[in-house]
Every structure is written in structure tokens, then in C-alpha cells.
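Protein chains in written order, with our numbering: chain A, 1 to 666; chain B, 1 to 266; chain C, 1 to 151; chain D, 1 to 286.
Bear in mind the hints are in silico, worked out from the structure with no lab data behind them. Careful, some of the hints might be misleading.
Unchecked claim - A partial selection of chain B residues facing chain C, derived with a Cβ cut-off under 10 Å: (1) S143; (2) I175; (3) N179; (4) P190; (5) E195; (6) I198; (7) I245; (8) K261.
Unchecked claim - Not close to chain C: a few residues of chain A, all C-beta gaps over 10 Å, as computed: (9) R72; (10) R98; (11) C101; (12) L240; (13) L301; (14) P375; (15) M431; (16) N439; (17) I448; (18) R457; (19) R466; (20) V588; (21) G635; (22) A639; (23) M656; (24) V660.
Note that beta-carbon positions come from the ideal geometry of N, C-alpha and C, so glycine has one too.
Below are the chains, spelled out letter by letter.
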Amino acid sequence: MSKIGVFVCHCGENIGGTVDCEKVAQEAAKIPGVEVSTDYKYMCSDPGQTIIKNAIKEKGLDGVVVAACSPRMHESTFRAACSEACLNPYMCEIANIREHCSWVHEKGEATTQKALDLVRMQVEKVKKDLPLSTIKVPVTKKALVIGGGIAGIQAALDIANAGHKVILVEKEPSIGGHMAQLSETFPTLDCSQCILTPRMVEVAQHPNITLYTYAEVEGLEGFIGNFKARIRLKARSVDLEKCTGCGMCTTKCPTKKVPSEFNALMGLRTAIYVPSPQSVPNKPTIDKEHCVYYKTGKCKLCEKVCPTGAITFDAPDEIITEEVGAVVVCTGFDVAPTSEFSEYGYGRYKDVITGLQFERLASASGPTMGEIRRPSDGTVPKKIVFVACAGSRDAAKGRPYCSKICCMYTAKHAMLYQHKVHDGESYVFYMDIRAGGKNYDEFVRRAIEDDGVNYIRGRVARVYERDGKLIVKGVDTLLGGEQVEIEADMVVLATAGVANKGAEDLAQKLHISYDKYNFFAEAHPKLKPVETNTAGIFLAGACQSPKDIPDTVAAASGAAVKVAALFSKDQLLREPVVAVVNRMAPPVFSTCVGCSLCVDICPYSAITMENIKDRGGNVIKTVASINPGLCQGCGTCVAFCRSKSIDLQGFSNEEMYSSVMAALHE
Amino acid sequence: MDKLKAKLKEWLEAGEITLAIGYKQGTREARPFFCRTAEDVEQMVFSNDFQPNLAVYLSKKEVVKDEKVAIVCTISALRSIAYLARENQIGQSQYKIIHLSPNDELMIFRSPWDIDAYIEEIPSTPSEEDRRVIEMLDAMTPSERWAWWAAQFSKCIKCYACRAACPMCYCTRCIVDNNRPQWIDPWASPLSNMEWQINRVMHLAGRCVGCGACGAACPEGIPVHLLNRKILDNIEENFGMPAGIAPREGAVLNTYKPEDKENFIK
Amino acid sequence: MDNKDFEPKIIAFVCNWCTYAGADLTGTSRMKYASNVRVVRFPCTGRIDFMLLLKAFAQGADGVIVSGCHPNDCHYTAGNFHARRRWIVLRGLMDFLGIDIRRIRFSWVSAGEGAKWAQLVNEHVETVRELGPYEDYKKAADYLKEGVYNG
Amino acid sequence: MEKVGLYPGCSLKGSSREYGESVVALARVLGLPLEEIKDWNCCGASSAHAVSKELSLALPARVLSLAAAQGYKELLVPCAACFSRLKTTQHTLMGDDERRKKIEDIIGAEVGGVKILSVMEWLEKYAIDAIKEKMNHPIKARVACYYGCLLVRPSGVIKGDRVEDPQSLDNLVKLAGATPIDWAFKTECCGGGMSIAATETVGKLSAAVMEDATHRGAKAIVVACPMCHSNLDMRRPYINKNMEKATDVPVLYITQLLGMACGLTAEEVSVGRHFVNYKEEEICQK
């Protein structure tokens with residue numbers, strides 16, 4: 001027989017004013033199994049808690065029901081009190097007689113009766129409660145950061161500086177990401193490379209960071225604190241240990257006309273190449289698609305000229321496995337594919353370029369050494385048109401969202417153009433100017449007022465070439481819808497930021513969710529912006545949604561703190577509200593029949609199938625098994641399981657059944 | 001039929017199988033028949049309309065353990081095997097699955113997964129009589145329906161023949177055997193009988209192939225299979241999943257679509 | 001039958017994160033509603049076993065409320081989506097058996113919808129009050145005592 | 001090959017007889033089975049949708065229902081305006097059960113699910129090999145493929161070609177040996193239904209189209225829309241008033257061009273019915 005204590009709180013007049021607390025306590029005492037039942041003015045106060053603690057000790061209670069405010073308020077308070085009196089905290093339940101009773105009903109017999117029923121429900125539940133203990137999960141204090149753009153760099157440095165090991169994986173031959181391609185950054189116009197490259201070097205030199213460039217994550221198994229990542233180190237055909245980065249190979253390479261990815265296809269590179277002079281590591285990679293040796297089997301000129309014998313043709317990719325406790329995904333974004341903008345002639349007219357390409361033109365290290373020149377004939381454009389929202393906020397292009405950074409970088413582009421081409425005319429077609437941010441609107445005003453950029457509010461319908469000019473047909477909606485036609489020398493499209501090509505694939509490998517645009521989904525849009533639904537995997541930067549540099553860096557530091565907090569303890573403690581599949585003695589082992597249908601129902605991929613084997617290693621039975629590190633305790637599998645082989649700790653079938661039956665006590 | 005018999009004899013004689021599960025003419029209806037010799041095979045009969053769903057034996061370890069089994073399948077049994085394979089109850093090429101198509105073509109499936117392509121074109125449909133009774137019930141008022149079913153369930157003796165006849169009812173501990181808590185009263189009141197049936201068909205929702213073996217097995221003649229059929233209709237209407245065809249991705253109640261429609265959650 | 005004095009017993013099955021919190025908000029906002037309802041707290045609508053709804057009726061409930069997070073708002077991402085499918089199938093089956101589905105009310109009430117919770121309870125209490133006690137269900141359970149089923 | 005139904009609509013029987021005749025002639029020479037559906041009615045363009053939503057849906061719905069009832073799986077609708085009305089109706093009714101039931105009630109028949117084909121879709125699906133095989137008079141000229149609006153918009157309804165830079169006509173004329181020019185006015189407005197009410201406006205808009213085409217050296221304009229054809233051809237005097245230099249570049253239907261490339265005579269494809277003369281020597285290589 002249970003020994004249960006019922007403690008009814010008056011909460012001053014809050015409960016006592018409507019509910020006859022004394023009567024509730026008296027009636028509750030009559031419930032079988034209730035050893036002691038009492039009421040008090042403020043149960044949550046020190047003397048109130050002392051009443052509970054003393055009763056536990058004196059009467060040897062094995063269960064406690066506190067009838068008070070919502071469990072969302074004081075469940076933890078009362079459970080802690082029980083714990084102090086050496087009663088398992090999960091043997092304490094709260095009957096919500098304030099929010100669900102005294103505050104919402106009139107004073108009277110019915111309200112008191114309801115309060116008693118609510119107590120009765122919890123008493124019956126406590127009878128079925130089992131002592132639970134917090135779940136402890138060991139933590140591997142090493143983080144995996146995927147993506148070496150500014151988000152990944154920041155996250156890696158922050159985690160490393162907190163004293164933890166970091167593995168940074170970048171799929172390109174160098175870290176730096178899109179930020180390394182930018183010329184100057186809004187709203188301060190400081191040079192992107194000047195602020196970024198020191199951090200890139202810091203990453204390379206940090207004792208806590210292991211950098212894998214030209215590498216990709218192949219798969220991730222495990223759960224929070226205990227992941228196992230498989231990483232493919234793509235063969236770069238150059239031994240980084242031996243290579244000194246002297247550059248002999250790149251000067252001698254006979255294949256010199258490969259479009260340079262770093263220059264957004266505006267310049268050329270060799271087949272053995274270093275993406276940019278500031279690359280980290282500053283050592284070359286052979287692009288097998290264009291290398292003469294890989295295409296024809298002959299050449300090997302680089303091997304001949306290499307003074308250190310660092311060229312390693314035909315080396316295979318290497319796959320390594322790393323154990324990590326947390327993952328930060330920072331894979332960034334891409335710009336919308338060119339094929340979408342046939343009305344703007346992108347891909348057909350050489351002088352219609354994307355914003356990213358303009359960055360390379362404006363960059364001192366770019367293909368034109370920072371001079372704005374037309375890709376078609378190298379002349380300086382005297383009239384330039386910028387088209388904002390090219391593909392963003394456009395449901396017809398399947399992308400109703402705002403790419404967020406375009407308003408600002410378009411203003412910057414127009415400004416840079418005016419600074420470089422003093423007699424030039426620039427026009428910006430825009431829908432709205434979204435310049436929310438510190439010093440952002442001031443920046444746009446500067447472009448308009450100080451640098452004389454012509455802002456036209458309206459969309460561009462078409463761009464076509466005629467007699468060497470680009471005819472931009474648009475509308476000025478502030479002038480009563482006048483049609484505008486500009487004969488431009490160059491057109492820059494502020495193309496939408498989109499998810500990376502491999503984003504969907506990576507999300508599936510990591511078991512994280514993503515939205516319909518393939519941006520990774522945060523666990524909560526407001527309160528968990530850097531977490532994913534998979535515990536232990538965090539997000540930062542534009543892989544989540546288009547973001548500018550300050551937001552990206554803030555998110556990266558946020559994610560890094562989450563990782564550092566996770567690593568601050570040797571073990572991860574979790575509420576024991578998790579599902580369990582029953583286990584019993586042979587020959588039954590479990591009532592689970594292994595239909596495996598629950599595997600799909602779990603939102604957290606916490607359920608796997610486990611083989612029960614005999615001593616000879618033969619499979620006797622296959623049953624479901626739940627990883628308590630991944631399970632979040634929703635209980636969907638519990639309600640779904642036909643044979644009732646899964647149960648949820650803290651909300652078990654018996655507990656819930658008893659509560660419902662008690663609620664209808666005659 | 002001759003082709004089928006010849007094949008089974010060949011397998012038995014070559015020792016490729018030790019047991020062929022098929023049908024034999026019973027007093028009134030065809031009944032399950034376990035053949036071990038070529039002579040046995042001679043007595044075998046087959047029609048796709050035969051009611052007992054022989055796939056049920058495949059989830060009964062005591063029958064098929066230590067045997068090399070060939071199973072003669074009606075279309076319904078094929079459907080069940082496809083589902084059983086999805087639920088890990090049948091291995092890749094554990095059984096020889098043999099079938100005569102309605103146009104008398106002998107078909108042998110090497111793997112349960114090969115059944116899908118054949119079944120996909122043939123959704124499971126109810127008999128005209130079943131359809132008529134469902135329409136009659138649909139036309140009733142809820143209280144008339146309640147009275148009709150309560151009268152039906154007052155006949156139930158809780159023998160669980162409906163459970164035993166169903167290939168998908170293979171749990172080793174059924175919910176009715178679970179007494180912590182006692183979900184379903186063990187005695188045979190109309191309500192507890194109904195609760196059992198609700199559990200049975202809810203547990204079969206999205207897994208039932210609509211073969212009707214449960215109803216056919218009832219010694220009291222309670223048409224319990226109509227409940228399954230109603231759910232099949234309901235699932236097709238609401239989720240666009242045709243009856244009797246094992247969905248390629250997930251079952252009905254362990255998957256969802258954010259755009260699922262209903263008109264009663266307000 | 002005049003049911004105006006009948007006080008129905010209603011059991012509400014709600015999720016912890018949306019509807020339970022919404023009902024807490026009704027309380028903190030001091031909005032009054034009918035006291036006929038008893039709330040059972042679940043972590044998620046996905047956890048709510050359909051058998052519990054039926055057992056409530058068998059044990060003497062006259063009405064049932066089931067409520068959780070709105071679609072896309074589930075604390076566990078998808079529990080309410082799974083629950084929705086479960087209810088679609090169950091409700092069709094209950095109707096086919098002649099169980100009075102007017103007595104079971106499904107809803108989505110968010111943590112911010114305190115007023116909606118009060119309205120939901122009041123409406124359902126009124127609906128069930130008009131329907132009267134759910135005698136049919138209990139009668140079927142008692143069958144053995146009376147020996148004969150007499151509808 | 002299964003017979004495809006043909007819904008000519010009023011234009012192909014009246015003001016654009018040559019389009020209708022050339023469709024039938026081309027089908028014959030390429031061996032494509034085509035049959036005019038029986039008892040068809042007006043599609044409602046271009047006034048019904050301005051008058052009554054229901055009427056604008058009921059008229060095309062009846063045509064769709066007839067085609068389905070007469071056993072056709074596919075319906076060729078050469079007139080761009082008819083095509084647009086039929087597609088719009090099907091799109092609207094397929095997505096709205098309530099409305100579909102109402103319209104079916106009005107027309108007293110089920111709408112059915114016939115697949116609507118534009119001339120381009122029809123040719124792409126059935127005629128590619130036949131054209132390659134039958135082509136004996138390749139077109140050598142540079143031509144401007146002009147789509148106008150109704151064949152590509154709204155993209156959510158038509159769901160065919162690339163809306164901003166359609167390619168289907170270009171690909172078809174390439175089959176006939178012609179060189180489609182890359183130009184900017186493929187989908188600009190010709191003035192459409194304003195032909196009678198505001199002829200001057202049509203002159204201005206169509207002139208911009210002709211101007212860009214001729215500037216880029218087109219020797220003919222290829223169209224698949226009776227409305228575009230009338231405006232560019234019949235309204236040439238108004239167009240020329242707005243041109244720096246008057247032009248006599250002819251306007252041909254895609255079916256006429258392909259027909260001639262496949263050996264049909266100018267008479268067989270009725271080019272003689274146009275206002276602006278077609279000069280064979282400038283376009284075909286005989």
C-alpha cells in the first residue's frame with residue numbers, strides 16, 4: 001500500500017478564495033493510500049516546503065501530491081524539496097488547482113469538487129509513478145564544424161579559444177568562403193580580405209583546430225555528445241606536408257584557361273591552382289576535370305618542376321572517422337542559378353553579371369585589379385544599372401523570401417562604382433529598401449545623397465542588347481507608373497541567395513530538417529535560432545537563411561557558446577522523460593515484435609532496431625531500441641505501438657490510465 | 001492448376017521444399033492444406049476467391065520453423081506477404097511464393113519485394129454484398145448504427161478467431177493480453193467486444209489488405225471485416241493510399257503530410 | 001428530455017506545450033469558464049492513446065476534448081501531425097460504429113489562446129449538455145449485469 | 001497513333017482561315033490523325049471573362065466536356081486565345097471542386113480530363129520525326145519567332161515553355177532549316193484585342209515588335225496566334241506609320257512555314273490570304 005502525502009496550497013486568497021482547501025485536504029485524506037493530507041497558506045514558501053519535507057521523513061511517504069499552481073510554475077520547486085527529503089523527485093506530482101480551477105471558476109461546491117478530482121487524479125498517478133533518475137550521457141569534447149566560411153571560422157575559433165578541440169571541414173581547397181570573394185563590406189567599406197585573412201591564418205595556426213580543406217562530411221552517426229563523423233579527404237594530388245607553396249607548378253601548368261571559381265568565373269586559373277593569393281592553406285590542388293594528365297594520361301609537367309616532389313598523381317580519396325560531441329553546420333549559401341533570368345539575358349549577354357561577379361570586379365585582387373570594366377570588351381561602363389530583388393521576393397521564381405543582403409550590397413556596389421568611375425551614371429531599380437541594421441539606412445542615404453546614385457522604385461521587365469548597349473526596360477512606380485528605358489553599358493543583378501547545392505543531401509546525412517528552399521531549419525524560430533531539432537547539432541550563418549556578415553558572426557558565436565556549454569560538463573544530464581522499449585527475461589526478451597514501424601514515426605530518429613543474439617552470435621530476435629540521448633519524450637511512438645511494448649517514463653500507460661479513471665471517480 | 005501442381009511436386013521431389021501450404025476442398029469451403037508429398041499435392045485446389053488467407057502461417061513460427069516452405073497465394077495473401085516483408089516478419093527469399101493469376105498464369109515470386117509491381121495495378125475491393133451492407137449502415141442514423149453493432153457484438157464470445165485468421169495480427173503479446181493497465185475488459189460485454197474490435201482495426205489501419213479473412217473466421221457470423229473495409233475506404237479518401245497496396249514509403253499512421261486535410265479540428 | 005440541469009463530465013486530453021499552457025493563460029487572465037472539465041496533461045498530442053478517449057467514455061465521461069499545438073507548432077515537430085492522422089482514422093471508425101462523435105471535440109489551442117480555451121470548454125459543455133448523459137455507452141458496458149441487450 | 005481532336009474556334013473558320021487550313025494541310029502531309037470535334041461552341045474570348053465569371057468558365061467547359069465525351073484524350077487548340085481560355089478553365093476547375101460541380105451543373109455534363117495541346121505542344125509530341133523525314137524545301141531565312149502573351153502566360157496556368165524566353169517555336173523553325181533570331185520582343189504585347197477599338201495603339205505597340213525584328217535582320221515573323229497575326233499583318237499600314245522605315249516583312253503561321261518546308265505549295269497553306277505578301281524567293285530555297 002502506498003503512503004502518499006497530499007499538500008493543498010491556499011496560495012493566499014488565490015486558491016483559498018474560491019476553493020475550500022480545508023475540505024479538499026479532508027476529503028483527500030479518505031482516498032486509499034493517502035497517509036497524510038494537509039493544507040497551508042503558501043506551500044511554496046520555506047515553511048510550506050518544510051511541512052512537506054517533514055511529512056516525508058516522519059511518515060515515510062513514498063509519493064507526494066502538491067495541489068497548487070500550474071506544474072509549469074513550481075513543479076521543479078516541489079520536486080527539489082522532495083529530493084532534499086530523500087524522496088525520488090519524480091514521485092512528486094502537481095495538481096493544478098489554481099490556473100485550471102480557482103482562477104477560472106466561481107466560488108462554490110462544484111469548484112471545490114473539481115479541485116478534489118484534480119488531486120485524486122494525481123494521487124492515482126503517483127501510485128503508478130516509478131522512481132526515475134536523470135539520464136547521464138558522456139560527452140566527447142571535440143566539435144565538428146562543417147564549412148569554412150566566416151561562420152565556420154568564427155565558430156571554430158570561439159570553440160577552440162574556449163579550450164576545446166575542433167575539426168573544421170571545408171569542401172573547397174581553401175577556407176574563406178564567400179566573404180573572401182567580397183571587395184569591401186557594408187556599412188563601413190572596410191576591405192573584406194583585410195578583416196578576414198588574419199582569422200583564416202589564425203584558424204590554420206590554432207593548436208586546438210584541425211583543418212581539413214578539400215574534404216566533405218560523408219555521414220554522421222550517433223547522438224549528442226557521441227557522434228561519429230565520416231569525412232572524405234578528397235585527393236588533391238599534392239602532398240601538403242611536402243609542398244612549400246612555391247608556386248612553380250602553377251606557373252608551368254599548360255592548362256591556363258579554366259574559369260576561376262574564386263573570381264566567380266570572371267577570370268582564369270590553371271589546372272593546378274591555388275584559389276587566391278590569400279588562400280589557407282596556400283598550397284595548390286589539381287583540378288582533375290581540367291588537368292591534361294588526368295584527361296590524357298600525359299603531361300606531369302608540375303611533377304617535373306616541383307622542387308620537393310610533392311605532386312602525388314592518382315592518390316585515392318581518403319576516408320577518416322572522427323568522434324565528436326557536437327556539430328556546427330556552417331555551409332553557407334549560393335547565388336540563384338543563371339538560367340532563371342532569361343528576361344534579363346543573364347548568360348547570353350556578357351555584360352549582365354551577378355552581384356558576386358561585381359564584387360570580383362571591384363576587388364583589388366580581382367581579374368581587373370579593382371577597376372570596373374565590362375567583361376565583353378574591357379571598357380569602363382559609363383552607365384550602369386543595378387537590379388535589386390533578382391529572383392528574391394518573387395513567387396513566380398519560386399522564391400517568395402527576401403534575400404536580405406541585396407539592398408545593402410547593391411547600395412555598396414553603386415557607391416563603389418561612383419567612387420571608381422567619377423563621370424559614370426548609376427541606377428538602382430528596387431522594390432523597397434530594406435536597410436534595418438546599425439548604420440545601414442545611413443549608408444543607403446549616403447549612396448543616394450552623397451554619391452548621386454539614381455534610385456528608381458520599380459521592377460525591371462526586360463534587358464536586351466541592341467547595338468552594343470543593354471536596353472533596360474523598367475517602370476518607375478513613384479512617377480505614376482511611367483515606363484523607363486535606360487541604355488546601359490552594364491547590368492548587375494542582385495541575384496537571390498539560395499541554399500547550397502548539396503544542402504538537402506547534407507541535411508539527410510546529418511538527420512536535420514530543412515525548409516522547402518533547402519535552408520536548414522532551426523529548432524525554434526525565435527528561442528532556439530542556432531539549434532536544430534537534432535540535439536547536439538547547431539547552425540550558423542547563411543545555410544539557415546540569407547544573412548549578412550554581422551548576423552552570421554553573431555550566430556556563429558552563439559552556436560559556439562552552445563557547444564562550449566555542452567562541453568562544460570563531462571556528462572550530459574537529461575530529464576528522464578524518455579520512451580523505453582520493454583525488456584524481459586528469455587525466452588521473451590521483449591514483447592516488441594520488431595515490426596519497425598515506430599522507426600519512421602520518431603521525429604528525432606531515436607529509434608533503431610536491435611538484434612538480440614545468443615552466445616553463438618545468432619540473431620534470436622529483432623526488437624526496437626530507443627536512444628535516450630536522442631529521445632525528447634514526445635511519446636508518439638508509445639501511443640502508436642500496438643503491443644504496448646514502448647512506454648514513456650513519467651507519462652506511462654499505467655500513469656495516464658489511472659489519472660483518467662480517477663478523474664471519473666463516482 | 002496443373003502447372004502449379006507440377007511445380008510443387010517438382011520442388012517436393014527435389015527436396016527444395018519440405019512443406020507446401022495450399023488449399024483443399026473442405027465440407028463447404030476450401031480449407032488450408034499442408035502437403036508434404038507429391039500425392040498430397042494431387043488433392044490441392046485453388047481459386048483467388050478462397051477465403052482463408054494462408055499468409056497467416058508465415059507469421060506463425062511454430063508452423064514454418066525448420067521447414068522449407070512453398071506457399072500457394074491468392075492475391076490477398078500476396079498483399080499480406082508484401083506487408084509482412086515491410087514489417088520485417090519475412091526475410092528476403094525465405095519462402096517460395098507461388099500464385100495463379102486470374103487468367104491462369106503461373107507466377108513465382110523470388111522475393112516478397114517482387115510482389116509490389118504485380119499488386120500495384122490491382123487495388124483491393126470489397127464484395128458487392130459487403131459494399132451493400134456498408135452503404136446500408138452509412139444510410140442509418142448514428143443511433144441506429146450503434147444499435148445494429150451493439151446487437152452484433154452482443155453475440156461475440158471473445159474467441160479471437162478474427163485475430164488468429166489475420167496474417168497481420170502477429171503480435172506475441174496482444175493488447176487484450178495486457179493487464180497493466182487492463183485496456184480491455186476480459187469478459188464479453190458488447191462494449192468490451194467493441195473495444196477489442198476498435199483496437200484490432202485501429203492496429204490494422206494502414207496495414208490491413210482487406211482480405212476479409214477475419215469476418216469469414218467469425219463463428220458467430222459478425223461481419224467484423226466491414227470495420228476494416230471502412231477504414232480502408234477512409235484512408236483512401238483522406239490520404240490517397242489505395243487499399244491493399246503496401247505503400248512504398250511508410251504506413252498510414254506512422255507517417256504524415258503537413259498538408260493532410262480534415263474538417264473537424266477547430 | 002430536458003437537459004438544462006444536467007452537468008456533463010468532460011475529460012480534456014491536452015499537450016503540455018500549447019493547450020495546457022493556453023489553459024494556464026486562461027487562468028492567469030482570470031477568464032471564467034464551466035467547471036465541468038478535468039484536464040489530463042500529456043507531453044504531446046502524439047502521446048494520446050485513442051484507447052484513453054474510449055476508456056473515458058466507458059468510465060462515465062459524457063464528453064471528451066482533445067487539443068494540442070496548431071499544425072507546424074508542435075514542440076516535437078511532428079507529434080500533432082501524427083495525432084491528426086490518428087484522429088481522422090479513429091473518428092471515421094467511431095462514426096461507423098454509431099459512437100456519438102459529437103461528444104468528442106478536437107481542437108488546436110496554442111499557448112497564447114487563453115480565450116479560445118475558455119470558449120472551447122464552454123461550447124463543448126453546452127453541446128454535451130444538450131446531448132444529455134451518454135447512457136448508451138455505459139449500457140453496453142453493463143450488458144452482463146442485465147443479461148440481455150435492450151438498446 | 002490515336003486521333004487528336006481539333007477545336008478550331010471562330011478565328012480558324014473566319015478571319016484566320018489560312019491558319020486553320022494550314023493546320024489541317026500540315027497534319028495531312030505529316031500523317032498526323034486529326035479530327036474536328038463535333039458541335040463545338042465559342043470559347044468565350046475575348047469578352048466573356050469580362051462579363052461573367054461563370055459564363056467564361058462554362059463556355060470552355062462545354063468544349064472540354066464534348067471532347068472528352070467524344071472519346072478524345074487530347075485536344076489540339078491552335079488559336080492562342082482559345083488555348084488560353086480552355087487552359088484557364090481547366091486549371092480553375094481542377095483546383096476547385098465546388099466550382100467544378102457548379103459549372104458541370106450549368107453545362108449538364110462532366111468536364112472530363114482531356115489534355116489540351118497548343119500547336120507547338122502537338123508538333124513537339126508527334127511531328128518531330130515526320131518533319132525531319134518529309135522536309136524537302138528547307139527554309140533558309142532568318143526568322144523572328146513571336147509568341148505574344150497568350151501562349152506563355154500566365155505561367156502558372158500554361159506551365160509549358162519558359163515564360164520569359166520561350167523556345168518552342170524557335171526549335172520548330174530550326175527543324176525546317178530556318179535560323180531563329182535572338183531578339184527581345186518575343187513576348188511583348190502586339191496590342192491584342194485593341195485592334196479595332198484603339199488601332200493607333202496597336203500600330204505603336206506592334207511597330208516596336210516589327211522594329212526590333214527587322215533591325216535584327218528577320219525576313220519573316222513566325223506566329224501561332226491569330227490575334228498577333230492580324231495585328232502585325234492587317235495593321236501594317238498603322239505599324240509603318242510608326243516605323244522609321246516602312247517594312248514589308250511578312251508574317252507567317254508556324255504551320256504555314258513548316259508546311260511549305262515539307263513541300264506543300266503556297267496555295268495549299270493559303271499564304272495568299274495575307275495582307276503583306278510573302279516573297280518565296282526571300283524565304284525558301286527551292
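Going through the hints against the structure:
Of the supplied interface hints, the one on B/S143 holds, with its beta-carbon coming within about 6 Å of a beta-carbon of chain C, less than 10 Å. With a cut of 10 Å, the hint placing B/I175 at the interface with chain C holds, because the nearest CB-to-CB distance is about 8 Å. Restraint check, B/N179 versus chain C: the minimum CB separation of about 14 Å is more than 10 Å; hint violated. The closest approach between the C-beta of B/P190 and any C-beta of chain C is roughly 4 Å, which is under the 10 Å cut-off, so the hint is satisfied.
The interface hint given for B/E195 is met, as the beta carbon of that residue sits about 6 Å from the closest beta carbon of chain C, less than 10 Å. Nearest Cβ of chain C to the Cβ of B/I198: about 7 Å, under the 10 Å cut. The hint holds. The beta carbon of B/I245 comes no nearer than 17 Å to any beta carbon in chain C, farther than 10 Å, and the hint placing it at the interface is violated. Restraint check, B/K261 versus chain C: the minimum CB separation of about 9 Å is within 10 Å; hint holds.
Not every C-beta of chain C lies more than 10 Å from that of A/R72, the closest at about 6 Å, which undercuts listing it as non-interface. With a least CB separation of 6 Å from chain C, A/R98 falls inside the 10 Å interface cut-off, contrary to its annotation. At the 10 Å boundary, the C-beta of A/C101 falls inside the reach of chain C, the nearest C-beta of that chain being 7 Å off. With 10 Å as the threshold on Cβ separation, the claim that A/L240 sits away from chain C holds: the shortest Cβ distance comes to roughly 42 Å.
At roughly 55 Å, the least C-beta separation between A/L301 and chain C is larger than 10 Å, which holds for a residue marked as non-interface. Distance to chain C confirms A/P375 as a non-interface residue, since its nearest Cβ pair spans about 45 Å, more than 10 Å. For A/M431, the condition that its CB be more than 10 Å from all CB atoms of chain C holds, with the nearest at approximately 28 Å. Non-interface status of A/N439 relative to chain C is upheld: no Cβ of that chain comes within 10 Å, the nearest being about 35 Å off.
In this structure A/I448 is separated from chain C by more than 10 Å, as the shortest Cβ-Cβ distance comes to about 40 Å. Remark: the non-interface label on A/R457 is consistent with the geometry, its nearest Cβ contact in chain C lying 34 Å away (cut-off 10 Å). Residue-level check passed: A/R466 sits 49 Å from the nearest beta carbon of chain C, beyond 10 Å. With a least CB separation of 23 Å from chain C, A/V588 remains clear of the 10 Å interface cut-off, as annotated.
Not every CB of chain C is more than 10 Å from the CB of A/G635 (nearest about 3 Å), against its label as outside the interface. For A/A639, the non-interface assignment is contradicted: its Cβ lies about 4 Å from the closest Cβ of chain C, within the 10 Å cut-off. Distance to chain C contradicts A/M656 as a non-interface residue, since its nearest Cβ pair spans about 6 Å, not more than 10 Å. The claim that A/V660 is not at the interface with chain C is violated, since a C-beta of that chain comes within 10 Å of its own (minimum 5 Å).
The structure is inconsistent with the numbered hints 3, 7, 9, 10, 11, 21, 22, 23 and 24, although it conforms to all the rest.
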